[in-house]
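Chemist: The chain contents come next:
Protein chains: 2
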Amino acid sequence: MPALDSTNDLYAEMRGIGAAARRAAALMAQAPAERKTAALQAAAAEIRARRQEILAANAQDLAEAGQHGLSPAMVDRLMLDDKRIDAMAAGLDDVAALPDPVGKVLARWTRPNGLEIARVSVPLGVIGIIYESRPNVTADAGGLSLRAGNAAILRGGSESFHSSRAIAAAVRRGLEQAGLPANAVQLVPTRDRAAVGMMLTLTEFIDIIVPRGGRSLIERVQRESRMPVIAHLEGVCHVYVDRAAELDKARRIVVNAKMRRTGVCGAAETLLVDRAVAQQYLPPILADLHGAGCEIRGDAAVQALDAQAVPASEADWSAEYLDAILAVGIVDGVDAAIEHINRYGSHHTDAIVTEDKATAERFLAEVDSAIVLQNASTQFADGGEFGMGAEIGISTGRLPPRGPVGAEQLVSYKYVVRGNGQVRP
Amino acid sequence: MPALDSTNDLYAEMRGIGAAARRAAALMAQAPAERKTAALQAAAAEIRARRQEILAANAQDLAEAGQHGLSPAMVDRLMLDDKRIDAMAAGLDDVAALPDPVGKVLARWTRPNGLEIARVSVPLGVIGIIYESRPNVTADAGGLSLRAGNAAILRGGSESFHSSRAIAAAVRRGLEQAGLPANAVQLVPTRDRAAVGMMLTLTEFIDIIVPRGGRSLIERVQRESRMPVIAHLEGVCHVYVDRAAELDKARRIVVNAKMRRTGVCGAAETLLVDRAVAQQYLPPILADLHGAGCEIRGDAAVQALDAQAVPASEADWSAEYLDAILAVGIVDGVDAAIEHINRYGSHHTDAIVTEDKATAERFLAEVDSAIVLQNASTQFADGGEFGMGAEIGISTGRLPPRGPVGAEQLVSYKYVVRGNGQVRP
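Residue numbers (this note's numbering), protein chains in the order written: chain A, 174 to 598; chain B, 174 to 598.
Take these hints with a grain of salt, some might be off.
A pair counts as met if it fits within one copy or between any two copies, since identical chains are not told apart.
Derived SDA-like pairs (lysine to any residue); straight-line CA-CA distance at most 25 angstroms [stated by the list, open to error]:
#, residue 1, residue 2
1, 277, 292
2, 277, 293
3, 530, 205
4, 277, 254
Everything labelled a hint here was simulated from the structure, so no lab data went into it.
Bound-form chain A, shown alone (with noise of 0.2 angstroms):
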């Protein structure tokens, strides 16, 4: 029965990384900041000085890809060049700078009874890391938990296999350059699909699992993974125009929110405007929009303000384009906004433009969403804008981590009590 031998190996295989894994993480909880520091940079300066082999690597993944009839858009995320190579490099180096964030105490108190109690921040352990065809993910990924302190295991694209294992390779030297040990990144020697369902239920040596692609992929995840997900879902973003809005911040939030790039989770997917300023405000707002190639669906007061407005079915309202389509509405104001955002909306991020400062709280305290801004565009929602150096995602999910997630985010807490004898009477 070689097809059940061969899944014995790959379980086999699987719980020996695990287990490297876990080893691994005891050590990396207890590294100091420095050191991962000087891994990271290693890092960054072996992927500069293995150009050429990742490039060859990258070279052998594209021809596989045009065997295989990959789309375009397919082919464009998994090609590096020099360009992607050295953003790959200076994001390893954006990473090193970055504060450590183990060891951070907290909060601090002590008791009547004079214990001393301390919550003190400590790395999650080992991540399950799950993505698609970016091969800058990688180090980026790879980046992140080391930087906190976590082993991670990461299971790339199978497109871009020898990418990943190229790039895994240089950060593994970084790694032990700076005497930690190179199994703190880990990438998942094969392309056999089963390895997947197995990450997901080693909880022996798997602490949290981060799906990064697809909504077919994280759906998966979420279904059968025995440990806690950080998942990052769709993005169905608002832009709302209030009655006291500016109009030319609007115009130019609203096309950005849209047009900046289509396909980012971050991009506006409805825009909502007060019905006070409507006739006044949406014909500019929808004449940028189209002039910038977007096509609009709009609700029938939305129609009878512009000619080219396609129809508004209920499916527009939740929809996720990803491209230049855009639902619009008009609503009575912001309480009527707050409702239709968080009925219809994926609680990631939503904007409104408004000078009216008591409009603006109420919407910043009622949206329901991972990241709620006034009078900015919803392309903002990216751990590199936040200032984190880089993210492993946004997480849509309710509990911490929520939101961007960078290396700050990848890490837990525990307790430290001292004391001095004290029983409990």
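Guided by the hints, dock chain B onto chain A, whose structure is given.
Modeler: Just chain B now, kept in the frame of chain A:
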């Protein structure tokens, strides 16, 4: 098909409860601190005022328990008297006195482009709490949830059904008196076991599940829940007596950690003693334990020092006895103790007895548990003892909340970003 009809009816009822909780959660999230404080105080007053009602409901539960032949321990857990009712009301007053954990600015910074970013604490949303026989959990869990601005759906044990209903009614009257929605605390109004399974899949309405009870309940919830679970697994807690321990402290701490109450999760289950002092320290420590009625299960070295010791099997090192039994082992110093605890323990609560600062720091840093103590009893593993007023449990998960879960841990956060027209380049 009456069975199918009744399942459909129950499902519709559970969805109705979920939708009501979601509406209440939106109101609770915006409730000012003083109003939540007033609701908690009013709930405490209602519990005192409705004492006879609650006792009558409890008598009904006790009568049914008699018919079902519940064990004396179960009956004791179920039973309410004046003292327990006073304690329940006092617990709500304690929670009322806690600082409000919502709306705290956890971090705040400004980006070079002028965006002002704040990380602000917000309620979790709707919490489903599934627990077993103790009726006081209805007040404790409902109160903590309320303090943190959440809505709770409580599913109590079927044995305590009438008592929990009377207690929940008192808490709901407290909410109403303070002008808050009564549906911020709802009790599932049926003993039908199918309701639990339904709660675990109501992802549209419930954000977090908190199981509180025995291992089989927790495991079922972890297996079936489609939402994140804040779970309290077992407490295989250790005391390690180091060569630099003061014998008197060690004796007091070991006996207290094991015998103060054997049925609590913070009770010590394994004692490890440094080989360097075993000959000198173990006999008096074991004499204390025997004197307190504790059975000793030891390795060969322990048996050589204690004629009464029973041989320990491999299973004893990871056993949660919750009884007057202690596994005792001799280890080669703090490193071996750390290795043993991380291997066999449950990452709950572990203590070292030592006067050596370096050894203590080593243990506190490297033992990978939610709570680590120096020179204090493991029985301090308790939200009340930590100064949290009360606790909904002790989380043994890796992600926050880890350790005792009080009101301050039943919140999440969001990012509030204020701009003046910024768009992303």
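Chemist: The structure should be examined with respect to each hint, and the outcome stated for every one.
Modeler: Verification of the supplied hints:
no.	hint	in the structure
1	277 to 292	both (8 angstroms within a copy, 18 angstroms between copies)
2	277 to 293	both (6 angstroms within a copy, 19 angstroms between copies)
3	530 to 205	between (45 angstroms within a copy, 19 angstroms between copies)
4	277 to 254	neither (39 angstroms within a copy, 45 angstroms between copies)
Of the hints listed earlier, the one the structure fails to meet is number 4.
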